[in-house]
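> Protein chains in written order, with our numbering: chain X, 1 to 169; chain B, 1 to 338.
Don't take every hint at face value.
What the hints assert, rightly or not - Result set (DSS-like, lysine-lysine): computed pairs, CA atoms no more than 25 Å apart in a straight line:
no. : chain 1 : residue 1 : chain 2 : residue 2
1   : B       : K224      : B       : K86
2   : B       : K39       : B       : K253
3   : B       : K336      : B       : K224
4   : B       : K253      : B       : K26
5   : B       : K224      : B       : K335
6   : B       : K39       : X       : K134
7   : X       : K17       : X       : K54
8   : B       : K335      : X       : K134
9   : B       : K335      : X       : K54
10  : B       : K39       : B       : K86
11  : X       : K134      : B       : K26
12  : B       : K26       : B       : K39
13  : B       : K253      : X       : K134
14  : B       : K26       : X       : K17
15  : X       : K136      : B       : K253
16  : B       : K39       : X       : K17
17  : X       : K21       : X       : K96
18  : X       : K136      : B       : K86
19  : X       : K136      : B       : K224
20  : B       : K335      : B       : K86
21  : X       : K136      : B       : K335
22  : X       : K54       : X       : K21
As the list claims (entries may be wrong) - Anything over 12 Å on all C-beta distances counts as not near chain B; from chain X, calculated:
no. : residue
23  : K21
24  : Q30
25  : R44
26  : L47
27  : L49
28  : L79
29  : D84
30  : E87
31  : A95
32  : P102
33  : D109
34  : S125
35  : T137
36  : D139
37  : C152
38  : N157
Worth flagging that the hints you see were computed from the coordinates, not collected in a lab.
The C-beta atom is built at its ideal place from N, Cα and C for all residues, glycine as well.
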Amino acid sequence: MAQAARRVEHGIPTPAKYSIKIVINGQETQLEVAPWTTLLDALRNHLELTGTKKGCDHGQCGACTVLVDGRRINSCLTLAVMRDGSEVTTIEGLAKDGALHPMQQAFIDHDAFQCGYCTSGQICSAVGLIAEGKAKTADEIREQMSGNLCRCAAYPNIVAAIQQAMGAS
Amino acid sequence: MINFQYTRANDVSDAIRQIAADSNAKFIAGGTNLLDLMKIDVEQPSHLIDISHLPLTRVEEVAGGGVRIGALVPNSDLAWHPLIAKRYPMLSSAILAGASAQLRNMASTGGNLMQRTRCFYFYDTVTPCNKREPGSGCSAIRGVNRINAILGTSESCIATHPSDMCVALAVLDANVHVMGPSGERTIAMTDFHRLPGNTPQRDTNLNADEIITAIELPAEGFNKNYTYLKIRDRLSYAFALVSIAAGMEMDGKTIRQARFALGGVAHKPWRDQSAEALLNGQQATPETFMRAANHLLRDARGYDHNTFKIELARRTIVRGLTQAANGTPQSQSNKKIA
């Protein structure tokens with residue numbers, strides 16, 4: 001991470017840009033970001049990876065969930081510059097060689113969405129949940145998925161989809 | 001969010017040097033609360049010092065049988081850590097009762113202590129708030145104060161501390177290790193957070209140039225008779241209206257030693273040793289628990305919308321102490337209250 005020189009024009013400091021490297025969906029990517037650029041905004045606005053959604057932008061809805069170094073987090077509540085050197089997986093990185101990830105297939109099989117806005121976050125969160133390995137029962141899935149809201153209330157089908165993917169993985 | 005400078009700290013002394021050099025600087029670790037507040041300009045640091053890469057991520061046993069937790073251990077790692085789950089299940093349970101899986105993956109142990117209130121008026125920058133803008137007044141006292149405090153309040157502030165984890169840490173007699181320009185010191189968890197008084201802008205007794213390095217738990221973990229019971233508007237992913245962390249040592253039906261603290265009711269985890277004293281040596285009955293509850297709540301005061309919390313707290317205490325005495329701790333996934 002190299003900090004570019006800060007310039008002052010008309011007495012107002014121009015924001016510093018920080019050069020960072022992140023492996024995104026297996027691709028090493030270099031980008032220049034302002035200090036306040038969240039990982040979510042870097043993905044959507046700098047890299048045009050718009051599969052990750054901005055819902056509340058305050059860590060309350062889970063639509064922005066991505067996997068950073070294998071762990072699910074809210075990308076709206078972390079700065080891109082803090083994630084310099086990390087590996088990020090978004091919804092665009094889950095399918096391999098044209099085949100859907102088992103979680104994506106399970107969401108289709110169980111009709112686990114309606115409008116679809118929360119779905120990328122739900123799927124990334126569910127992939128993180130399986131990696132954590134702490135949820136076995138439907139109650140535990142519900143509890144550990146509570147950070148992902150679905151205003152269409154597809155919850156029963158989301159739980160069923162996760163149970164299917166758990167069996168498959 | 002306003003413009004700010006971003007730097008990384010190389011080690012703990014570098015972090016202290018950097019924070020001492022800039023009175024408007026703040027540390028950032030998990031960032032889950034600070035960035036949220038920066039987005040709405042409640043927090044406006046000129047400089048963020050990123051401490052998230054410092055090697056304070058160990059959970060280790062120490063001499064005397066206790067456990068030392070690095071300040072940067074993520075909440076989820078701490079909750080699921082075998083040493084904590086086995087010896088301090090009340091702490092695991094409290095952590096898992098809070099936030100969401102994603103937030104717990106980000107949030108740090110030290111940051112959990114430093115999180116700020118969720119009072120609506122603290123967040124609403126167009127209304128007066130003594131915590132956000134000292135001297136401007138408290139909008140909550142005569143406002144929508146359903147979530148606010150009933151104990152230890154002042155005319156300046158009726159905010160609560162929102163943490164679940166800290167309630168368990170208070171019961172466990174945890175100590176907070178901090179480092180500053182003049183070296184290391186230890187603050188008892190029960191002294192870490194302050195009551196609002198007339199300086200509600202100060203949440204804690206940590207000095208501006210100090211950093212939390214670790215939390216240390218004494219050996220006593222209450223791993224048989226304990227609970228963390230959290231009452232809230234939703235069954236998950238909501239702050240406590242009232243919560244209780246309780247730990248006991250039982251001798252049959254007799255309580256040899258009991259400790260408990262409440263969350264969601266005050267500016268800090270609310271522990272009252274004179275209420276605990278009413279339990280020690282007594283039979284574990286609803287009447288015993290009610291006596292302790294009434295005593296703890298003797299000075300409780302409602303502010304209209306939150307008056308229900310006094311009776312809710314009474315019942316939560318009786319239920320929580322019953323769970324602890326019976327060895328039937330509240331499950332954090334099956335939400336039926338035993």
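> For each hint, tell me whether it holds in the structure or not.
A quick look at each hint next to the structure:
About 10 Å separates the Cα atoms of K224/B and K86/B, which keeps this hinted pair within 25 Å; it holds. The hinted pair formed by K39/B and K253/B fails the criterion: a straight-line CA distance of about 52 Å is larger than 25 Å. Taking the CA atoms of K336/B and K224/B, the gap is near 20 Å; set against the 25 Å cutoff, the hint holds. Taking the CA atoms of K253/B and K26/B, the gap is about 50 Å. The hint is violated against a cut of 25 Å.
At most 25 Å may separate the alpha-carbon atoms for a hinted pair to count; K224/B and K335/B meet this at roughly 20 Å. Distance hint between K39/B and K134/X is unfulfilled; the C-alpha atoms sit about 33 Å from each other, more than 25 Å. Of the supplied pair hints, the one linking K17/X and K54/X holds, its CA atoms being roughly 23 Å apart against a limit of 25 Å. For a cut-off of 25 Å, the pair hint linking K335/B to K134/X stands: about 17 Å separates their Cα positions.
Only pairs whose Cα atoms come within 25 Å are accepted, and K335/B paired with K54/X is rejected, the gap being roughly 30 Å. Proposed proximity of K39/B and K86/B is contradicted: the alpha carbons are some 39 Å apart, above 25 Å. A C-alpha spacing of about 34 Å is found between K134/X and K26/B, which places the hinted pair above 25 Å, so the restraint is violated. Taking the CA atoms of K26/B and K39/B, the gap is about 15 Å. The hint holds against a cut of 25 Å.
At most 25 Å may separate the alpha-carbon atoms for a hinted pair to count; K253/B and K134/X exceed this at roughly 34 Å. Restraint check: the Cα-Cα separation between K26/B and K17/X comes to about 20 Å, which is no more than 25 Å; the hinted pair holds. At most 25 Å may separate the alpha-carbon atoms for a hinted pair to count; K136/X and K253/B exceed this at roughly 34 Å. Between K39/B and K17/X the CA atoms are separated by roughly 19 Å; this keeps the pair inside 25 Å, and the hint holds.
The hinted pair formed by K21/X and K96/X meets the criterion: a straight-line CA distance of about 23 Å does not exceed 25 Å. Between K136/X and K86/B, the direct Cα distance comes to roughly 19 Å. Compliance with the 25 Å bound is thereby established for this hinted pair. Restraint check: the Cα-Cα separation between K136/X and K224/B comes to about 24 Å, which is no more than 25 Å; the hinted pair holds. Pair hint K335/B plus K86/B holds up; C-alpha atoms about 21 Å apart against a cutoff of 25 Å.
Between K136/X and K335/B the alpha-carbon distance is near 16 Å, which keeps this suggested pair within the 25 Å criterion. Restraint check for K54/X and K21/X: the C-alpha separation of about 22 Å stays at or below 25 Å, so the hint holds. The claim that K21/X lies off the interface holds: its Cβ sits roughly 15 Å from the closest Cβ of chain B, which is beyond the 12 Å cut-off. With a least beta-carbon separation of about 17 Å from chain B, Q30/X lies farther than 12 Å from that chain, consistent with its non-interface assignment.
Interface exclusion of R44/X from chain B stands, the closest Cβ pair being 16 Å apart, more than 12 Å. Taking the minimum C-beta to C-beta distance to chain B, about 20 Å, the non-interface status of L47/X holds against the 12 Å cut. At roughly 18 Å, the least C-beta separation between L49/X and chain B is larger than 12 Å, which holds for a residue marked as non-interface. Non-interface call for L79/X relative to chain B: violated, since the shortest CB-CB distance, roughly 7 Å, does not exceed 12 Å.
The claim that D84/X lies off the interface is violated: its Cβ sits roughly 9 Å from the closest Cβ of chain B, which falls inside the 12 Å cut-off. Consistency note on E87/X: stated as away from chain B, and its beta-carbon is indeed over 12 Å from all of that chain's, at 15 Å minimum. The non-interface label for A95/X is consistent with chain B: the shortest C-beta to C-beta separation is roughly 22 Å, beyond 12 Å. At roughly 20 Å from the closest C-beta of chain B, the C-beta of P102/X stays outside 12 Å, upholding its exclusion from the interface.
No Cβ of chain B comes within 12 Å of the Cβ of D109/X; the nearest lies about 23 Å off, and the non-interface call holds. Not every CB of chain B is more than 12 Å from the CB of S125/X (nearest about 7 Å), against its label as outside the interface. Listed as outside the interface, T137/X is inconsistent with that label: its C-beta sits roughly 7 Å from the nearest C-beta of chain B, within the 12 Å cut-off. Against chain B, the non-interface label of D139/X is violated: not every CB pair exceeds 12 Å, the least being about 4 Å.
Even its closest Cβ contact with chain B, about 18 Å, leaves C152/X beyond 12 Å, as expected for a residue assigned away from the interface. Non-interface call for N157/X relative to chain B: holds, since the shortest CB-CB distance, roughly 18 Å, exceeds 12 Å.
Consistency note: the structure conflicts with the earlier hints numbered 2, 4, 6, 9, 10, 11, 13, 15, 28, 29, 34, 35, 36.
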